[in-house]
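J.: Sequence:
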Amino acid sequence: MARTLNQYIEVSNIEIYEFCMLNIITGEKVFSGEKKVSGFTGLYFRNEDTFFALYPTEDGPVAWYDGKEYPITKALTISVIKNDKKRGFSINEYGISIAYKESKFLDFDSWSTEIDVDLFYMIEQRYKTSEFYEQYTKVVEQ
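Quick note, the sequence shown lines up with residues 81 to 222 if you use our numbering.
Just so you know, these hints were derived from the structure itself, not from any lab. These numbers were taken from a predicted model, which means no experiment stands behind them. Check before you lean on any hint, since a few could be wrong.
Pair ranges (Cβ atoms, derived) [unchecked claim]:
1) D164 to E138: 25 to 33 Å
2) G113 to S159: 14 to 22 Å
3) V110 to D146: 14 to 22 Å
4) N86 to D164: 38 to 46 Å
5) I161 to S118: 15 to 23 Å
6) E149 to F111: 27 to 35 Å
7) K181 to M101: 22 to 30 Å
8) I96 to V117: 17 to 25 Å
9) A155 to S118: 28 to 36 Å
10) E114 to Q87: 27 to 35 Å
11) K165 to N93: 14 to 22 Å
In this text, a Cβ means the ideal position worked out from N, Cα and C, and glycines have one as well.
Working from the sequences, and respecting the hints, build out all of it.
T.: Set out below in structure tokens:
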């Protein structure tokens, strides 16, 4: 994957005001309550067992999971399975399968929607839309 970006990506937590500087080569993560890079840089999910990030690159959206980058394309089979408060996210073609709990922020405020607080649900609902790829493709300035 061609890119002019360095090995550090800043991503923000979709549920809480927290940021992470992710080294996409080593997997090192530095968490902070302060945004260090201007503009939209990507999103992440984490729990006790999992760290999953989604961020824009010159070539379009990329997921980082288990120490590897995975391009997100419309041709993938991405799904979220809901079972009461437990959920499962999968990208069949990459063998990615993540079990997680429903966000405690669902229905927290009457103005929020599930898509606002569930990164995996947002990906499943939007990954086949052109707007998703526009948002997750970095324009390279020359």
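J.: Are the hints correct? Go through all of them and say.
T.: Here is what the structure says about each hint:
1. D164 to E138: 25 to 33 Å: violated, 40 Å
2. G113 to S159: 14 to 22 Å: Violated, at about 33 Å.
3. V110 to D146: 14 to 22 Å: holds, 19 Å
4. N86 to D164: 38 to 46 Å: holds, 42 Å
5. I161 to S118: 15 to 23 Å: violated, 36 Å
6. E149 to F111: 27 to 35 Å: violated, 20 Å
7. K181 to M101: 22 to 30 Å: Between K181 and M101, where Cβ atoms are some 26 Å apart, the hint holds.
8. I96 to V117: 17 to 25 Å: holds, 18 Å
9. A155 to S118: 28 to 36 Å: For A155 and S118 the Cβ distance comes to about 32 Å; the hint holds.
10. E114 to Q87: 27 to 35 Å: Distance hint for E114, Q87 is violated at roughly 21 Å.
11. K165 to N93: 14 to 22 Å: holds, 20 Å
In this structure, the hints that do not hold are numbers 1, 2, 5, 6, 10, in rising order.
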